[in-house]
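Please model the complete structure; the sequences and the hints are all you need to start from.
Chains as they are written, first to last, in our numbering: chain A, 1 to 416; chain B, 417 to 832; chain C, 833 to 1248; chain D, 1249 to 1664.
Among the hints, a few may not be true.
With a Cα cut of at most 30 Å, we get these calculated DSBU-like pairs of lysine-lysine [unchecked claim]:
{"#": "1", "chain 1": "B", "residue 1": "Lys815", "chain 2": "A", "residue 2": "Lys256"}
{"#": "2", "chain 1": "B", "residue 1": "Lys649", "chain 2": "A", "residue 2": "Lys416"}
{"#": "3", "chain 1": "D", "residue 1": "Lys1466", "chain 2": "C", "residue 2": "Lys1248"}
{"#": "4", "chain 1": "A", "residue 1": "Lys173", "chain 2": "A", "residue 2": "Lys128"}
{"#": "5", "chain 1": "D", "residue 1": "Lys1298", "chain 2": "D", "residue 2": "Lys1520"}
{"#": "6", "chain 1": "C", "residue 1": "Lys858", "chain 2": "B", "residue 2": "Lys589"}
{"#": "7", "chain 1": "B", "residue 1": "Lys819", "chain 2": "A", "residue 2": "Lys233"}
{"#": "8", "chain 1": "C", "residue 1": "Lys990", "chain 2": "C", "residue 2": "Lys1172"}
{"#": "9", "chain 1": "B", "residue 1": "Lys479", "chain 2": "B", "residue 2": "Lys819"}
{"#": "10", "chain 1": "B", "residue 1": "Lys636", "chain 2": "B", "residue 2": "Lys589"}
By construction, these hints were calculated from the structure, which means they are not laboratory data.
Bear in mind that the values here come from a model prediction, so they are computed numbers and not experimental data.
4 protein chains.
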Amino acid sequence: MKVVVIGGGSTYTPELIEGFFDIWDKVDSLEIVLMDIDENRLNIVYEFLKRMIHKVKAKIDLKKSTDLDKILPGADFIINQIRVGGNKARLLDETIPLEFNLLGQETTGPGGFANALRTIPVVYNIAKKVENYAPNSYFINFTNPSGIITEMLLNYTKVKAIGLCNVPINFQKFFADLAEVDMKEVFLDYFGLNHLSFVRRIFVRGEDRTSELLEKAKEKASDSEKKIIDYLKMFPNYYLRYYYFREEMVEELKHKPKRAEEVMKVEEDLLKLYQDPNLDTKPMELSKRGGALYSKAAVNLISHLYGLQEGFQIINVRNDGSILDLPQDSVVEIPVYVQKDRFHRYVIGGLPIEVRGLIQAVKVYERLTIEAAMEGSYKKALLALSQHPLISSLSLSEKLLNKLIEVNKGLFPELK
Amino acid sequence: MKVVVIGGGSTYTPELIEGFFDIWDKVDSLEIVLMDIDENRLNIVYEFLKRMIHKVKAKIDLKKSTDLDKILPGADFIINQIRVGGNKARLLDETIPLEFNLLGQETTGPGGFANALRTIPVVYNIAKKVENYAPNSYFINFTNPSGIITEMLLNYTKVKAIGLCNVPINFQKFFADLAEVDMKEVFLDYFGLNHLSFVRRIFVRGEDRTSELLEKAKEKASDSEKKIIDYLKMFPNYYLRYYYFREEMVEELKHKPKRAEEVMKVEEDLLKLYQDPNLDTKPMELSKRGGALYSKAAVNLISHLYGLQEGFQIINVRNDGSILDLPQDSVVEIPVYVQKDRFHRYVIGGLPIEVRGLIQAVKVYERLTIEAAMEGSYKKALLALSQHPLISSLSLSEKLLNKLIEVNKGLFPELK
Amino acid sequence: MKVVVIGGGSTYTPELIEGFFDIWDKVDSLEIVLMDIDENRLNIVYEFLKRMIHKVKAKIDLKKSTDLDKILPGADFIINQIRVGGNKARLLDETIPLEFNLLGQETTGPGGFANALRTIPVVYNIAKKVENYAPNSYFINFTNPSGIITEMLLNYTKVKAIGLCNVPINFQKFFADLAEVDMKEVFLDYFGLNHLSFVRRIFVRGEDRTSELLEKAKEKASDSEKKIIDYLKMFPNYYLRYYYFREEMVEELKHKPKRAEEVMKVEEDLLKLYQDPNLDTKPMELSKRGGALYSKAAVNLISHLYGLQEGFQIINVRNDGSILDLPQDSVVEIPVYVQKDRFHRYVIGGLPIEVRGLIQAVKVYERLTIEAAMEGSYKKALLALSQHPLISSLSLSEKLLNKLIEVNKGLFPELK
Amino acid sequence: MKVVVIGGGSTYTPELIEGFFDIWDKVDSLEIVLMDIDENRLNIVYEFLKRMIHKVKAKIDLKKSTDLDKILPGADFIINQIRVGGNKARLLDETIPLEFNLLGQETTGPGGFANALRTIPVVYNIAKKVENYAPNSYFINFTNPSGIITEMLLNYTKVKAIGLCNVPINFQKFFADLAEVDMKEVFLDYFGLNHLSFVRRIFVRGEDRTSELLEKAKEKASDSEKKIIDYLKMFPNYYLRYYYFREEMVEELKHKPKRAEEVMKVEEDLLKLYQDPNLDTKPMELSKRGGALYSKAAVNLISHLYGLQEGFQIINVRNDGSILDLPQDSVVEIPVYVQKDRFHRYVIGGLPIEVRGLIQAVKVYERLTIEAAMEGSYKKALLALSQHPLISSLSLSEKLLNKLIEVNKGLFPELK
Ligand SMILES: NC(=O)c1ccc[n+]([C@@H]2O[C@H](COP(=O)([O-])OP(=O)(O)OC[C@H]3O[C@@H](n4cnc5c(N)ncnc54)[C@H](O)[C@@H]3O)[C@@H](O)[C@H]2O)c1
Ligand SMILES: NC(=O)c1ccc[n+]([C@@H]2O[C@H](COP(=O)([O-])OP(=O)(O)OC[C@H]3O[C@@H](n4cnc5c(N)ncnc54)[C@H](O)[C@@H]3O)[C@@H](O)[C@H]2O)c1
Ligand SMILES: NC(=O)c1ccc[n+]([C@@H]2O[C@H](COP(=O)([O-])OP(=O)(O)OC[C@H]3O[C@@H](n4cnc5c(N)ncnc54)[C@H](O)[C@@H]3O)[C@@H](O)[C@H]2O)c1
Ligand SMILES: NC(=O)c1ccc[n+]([C@@H]2O[C@H](COP(=O)([O-])OP(=O)(O)OC[C@H]3O[C@@H](n4cnc5c(N)ncnc54)[C@H](O)[C@@H]3O)[C@@H](O)[C@H]2O)c1
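Right, here's the structure in full:
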């Protein structure tokens, strides 16, 4: 098995690689190539990982490279975890919209839009290379906004893209803990878009225990989450509070330290730690970076796709009729039974009217955002923003868009 | 032909009745019954109309009543133009939402919601009587929010309801004037919901003259309308500026005299004028009330339904597959070829993505509003508001809803 | 207006041209070009038509040609009425299937299949020229099997094709006569495929008079038609008896003179008559050829498309959602409101279950037949036949197909 | 666990009960009640089963009864395996249609129709009792025509019906043997209706091995099956030869001993054997009755529904969007992931056009047959038959129907 990690210089990578410690002995051979454009970070992370691997005596052939073309041939899996513009650009996403009294966040709302515009052309170019050099590989996308990026990949390229997020696996763990069973024994009837999803029902060993477990969940929930659960009788994705408590969240974010800045600090610390030649295990500090269980999600999916095991996993895939009220070619986040090439979507049916308007509107925003980026269309960018539920105004979108274009100079595709 | 006008005491009614001056001689006999719960207004309007009819020598048998049960039997057409709570309630719709920095308007946004909640139970009860006493009659609904009321009628009662609005006919006149042809020679490819619609293409004698006439339209348009036309290449319903210029409109309405108050003044004047025993023609002052061509729309529709003529008219009907992205049982505003019992919808197909999110979200709001009113559900009311593009927040909806319930005491159905 | 008639040497053509006598004075100028590959027939028909036109003093500029490329430029309308393989090939369609105890008929069943296979490649080539030389023209197709040919044109070429048949207009006349009104006052709620259609409801001046007129229709109907009407409460296309009385019809056709031979005889007579230099009006004998009102159908449609009038006409068009149970890109025969470029389909909705299986199966046969002809696929030809309700057998289809290929040597596309 | 077997007097029942030998020790307690209207058979089978159970020391509490009402309360599973009219009626199904040159078979074509008409009212009445006395039980239906019976149950009653057939499990075994793996490692992408289904793809441990295994399958296939595989690139249900080789099969059946008569003979023998007080294991002779693996199918399903295991099983369920070209409320035979209450349909998508017409037509026949039986409608019965691909004629259907009514006197519902 050959795995290429694009953006392998991320300080997250040790977390990811650790996941492979569980499966290296179940495959014939395991080669992992870290690829990054930042040679310095790449080297630091690479050397540290060497020590980690040596420590646990895993037979993993770790390589590194800054040249994508060279390392793609033969790849079975591509893991994409780049951040275009780095945390500096992310800081823009978290601050500029606040000036307009709008949510400042890297995946949702105007910030997610700017992120998408920066990221789509870069990932598109990477995918074109993958099409060429490793056409049969699976392309596992972590890069945010993950749903949008996956929808672009599936509609504009031929790579076998799957979008991954760590929210679903964390929900599964959360409910397994509540039910005091193993994660494998929980099945979530889960639907929506990436970062805009709901747990509709919770099955434990096939038994519907939704109401009981929602009650338990409420005990651990914030007041705002409790309210959502009470009204919807569903469990909301963490990102939904940006919609349901729109104004409060904007206010809160205005007065909070920015996550981008925190992360830059953490990264600096981590990179220093990684350089310590005596360090050969994941340092505690890594947990501050977030992304819990994201390595487990990735390695699970790879195991499914490689035939080491089979089962349901909640991933971002082409809708294809699973959700009746969204276009067939939309990307949605739903349970899929995966066993190698066999993808078997869970049928969601019609969206509950309690959330249908919200999801349909965001999907329209997503699709128009992709079209805007791919076609370089100012008009589509504007109409995308103006239909986003957090904006809902053409004039406001215009001011916002002009500002975003200005500050993202050199990072955005040209919009005409 | 027997026509019952519910809310016949409206100062608009002379406008409506004038429309019948064109057709009374084409039908065997014409009986019009004005029905109202305000006996005083009813008498004033009735007496004045008697003189108007006498003046033009029309053979119209005009009657009046405050007892709906008595006058329904035998009716061919019911025209519903009541205003529940009168202009006093309307003033609430125009002011309360502004306190929350939200649109204050009687048909769109929170005001339209409150209006719907007051109006649905009353119209439902009227419809139940019509079901009983005049089951074969057509129920022509002007009462706003007209799309919502019609959707309620078609899904909860058996009356043959059609929703009417004067916007489409005014658009037809507008483009006919631009093209310098008769209104009949213009066909509008028009779609959407009541007060949320777009002219997609304009045909003159079957020829597609959209781009030329949109250019001409821009010359007469406000700057904001121009912008919409440029971005959408469609002509927007007048009410769309409340969405596309959300914040500006809220600001503007905050500082403007309220329409409800203006109307109350106009009404007072009109009622005084109507009482002048020498007045036997529509006074100039009536034009200040708005509603241009609404009588023409009504009489046109009656002519179609009665078989006096046949043709297309833009009305609010069950979707039934005309717009693919909205539920079959939704009410939509589209061209329909009407010839007596034959209703032949114009096929719209998929909604243009440029406006799809907006329309889908508002339709979800509409449906949930109806369900909230019919079921007395606080939760559904809340979820309706929170998915409205002009609100998009659960917490804000909660505050707003509680306030609306408070000020509409005695007018709202109980919400549990 | 320039009209090109492909297959203009048909003895039918005088009938067609006569239709233009009603409209030549309503258009700026009228040029009609007869095109045919049989120069002899072309000359005879051309000369006779010259005299007919002169007689009635119509200002029609009649031309003739054997070179399609030359005459296409500038054409507004193309009328396609060729018969590939002539009546000799038709005779095969009427006889070979009978050897297998199957229907022998030129449009329905195995004969229609063979006809389609011969005709599709030829019409496809003609259409490619039209695409090239007269891309804005309307292509009015009479050539049978008309529904299949039209579906091929709309899915494989860019010509603006409309399929026409004389059955609907004859039904309209039939019911108008029964109701004792003018044809224009009758609207048929009519649906299905070409030669596989049903009149579901009959409106006279907008009034639903279905049951009354079906009763009257039964008085004039054959016993078998009566039976169909009684069971379906709909009026069947004449060709449906080939399905509903499958075995009886095969038996009857075995012992009847073949229509192809009769027509060859009539043609011979007609061509002789046309050569008489004194003949300058349509001879009585022409009526023996069938095709009543086909010229009226054509000239009506041209009037609609040219903007001389507007209204409903039953034609073969892309389904586009009108019939829910058939694919969007299928061609169906339904009422369409035509006013120049504006095509407004009548919404049929779901097919009545009483005939749904039949229509769906035939549509599958039609689509596979087109694909077989266009791709030269033996396998698809076989699967088309084996799903035809009149065959319903793979083994029988195989024997039949092999025989059809053998006797149509040189006329069929190669099937691999 | 309490299981009620309706038709428990069948000579098949020992086969069925043996299946429970695998699971009795995995459930708290196991009670099986055999119910039958033929007391004599019931007693024989019951006594023999007692010995079988005793022999293997299984803790199964076996009971018997002729009174359904009494034994239903508390049931977790109902297995329905009655034969209305017995093998005498089956003999009619196998012979009468042959007189009309039509297929004589108990589940497919006219025989299946007659069987359905006899069986629907009886099963409906049983289901009504189940609704009443054991509303939460699962109703597992083996009674043929199993797809039709299940569709009736799901649309006319509230029982939780699932239709089962032994063909899918035999296919799974067949391909597992070819691939030399365990049955559990094979997943069939399988779709269609009961006895009208196709294996589209074969996955072994998630790998698509369709073409290889189809080639291998051909080696074991009859010439006619080979042909079907070659043309369709799919593996056909055994019953499809009745369609693809329609005439040959009718001919063959005319000259073959009738299955009903064979079965009556086998039954006689079996009942004698069962009465031997020394017999305490399934006799070899039982294998002659057919129905291989049907007990495994049943016990598998019960294990899934009871939560003993989870996984895919091919069963007859409500379509609900799995097959796009069939109504949502149709019953289809597809893979479903079953884990207690959780039913997760495999998404089939659009039907391959190669078989779409056939399947759609048969589904229309099935639905109309159900409506005919439930409404007692002669007309619907006739239209059902006339749209069946093996009949395709109204006149033939009429003769056939009249005959079927005559010979099934006392067994058919009254048809008006
Ligand atoms: N979905 C999830 O669960 C999840 C979890 C963690 C991270 N993420 C997403 O993954 C992405 C990466 O996050 P991070 O925090 O690791 O970012 P990061 O900035 O720490 O690391 C990204 C790496 O990508 C490299 N890079 C940038 N552009 C590149 C290019 N064109 N080619 C190769 N390498 C390139 C950078 O040099 C950097 O080393 C983000 O989009 C983030 O939102 C998703
Ligand atoms: N769609 C359009 O083109 C259009 C045009 C004009 C008015 N409208 C709508 O029509 C409605 C009436 O408007 P208006 O300005 O004439 O209002 P109005 O207040 O002037 O008159 C309404 C009349 O209805 C009467 N009424 C109230 N409740 C009644 C009941 N239960 N039964 C009988 N009568 C009752 C009142 O006494 C009053 O006389 C409003 O909803 C308005 O928005 C629509
Ligand atoms: N739908 C209707 O109402 C209707 C009515 C009449 C005829 N038709 C159909 O119209 C077609 C013609 O019928 P017809 O009886 O007039 O046939 P016909 O044989 O009398 O005339 C057809 C003419 O087409 C010519 N032709 C053949 N191939 C040609 C080619 N490639 N290019 C130019 N000309 C060519 C022939 O030479 C002949 O003169 C048939 O398919 C028939 O079924 C339809
Ligand atoms: N789908 C499959 O895999 C499969 C396999 C085997 C049998 N079957 C079907 O199962 C059914 C039974 O087949 P069989 O061969 O066992 O039949 P059978 O005639 O041997 O047994 C049926 C039993 O049902 C009893 N019965 C009849 N009517 C009854 C009623 N109203 N209530 C209670 N009991 C009643 C009879 O007395 C008889 O004992 C048939 O429809 C057959 O086609 C299906």
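Hint check results:
For a cut-off of 30 Å, the pair hint linking B:Lys815 to A:Lys256 stands: about 25 Å separates their Cα positions. At roughly 16 Å between alpha-carbon atoms, B:Lys649 and A:Lys416 fall within 30 Å of each other, so this suggested pair holds. Proximity of D:Lys1466 to C:Lys1248 is assessed by CA-CA distance (about 22 Å); at most 30 Å being required, the pair is judged to hold. Restraint check for A:Lys173 and A:Lys128: the C-alpha separation of about 36 Å exceeds 30 Å, so the hint is violated.
Our distance criterion of 30 Å between C-alpha atoms is met by D:Lys1298 and D:Lys1520, whose separation comes to about 16 Å. Straight-line distance between C-alpha atoms of C:Lys858 and B:Lys589 comes to about 28 Å, which keeps the hinted pair within the 30 Å bound. Distance check on the hinted pair: B:Lys819 and A:Lys233 sit about 25 Å apart at the alpha-carbon level, within 30 Å; holds. Restraint check for C:Lys990 and C:Lys1172: satisfied, since their Cα atoms lie roughly 18 Å apart, inside the 30 Å limit.
Annotation: proposed proximity of B:Lys479 to B:Lys819 is violated, straight-line Cα distance about 41 Å (limit 30 Å). The suggested pairing of B:Lys636 with B:Lys589 holds, with an alpha-carbon distance near 14 Å, which does not exceed 30 Å.
Violated hints, in rising order: 4, 9; the structure is consistent with all others.
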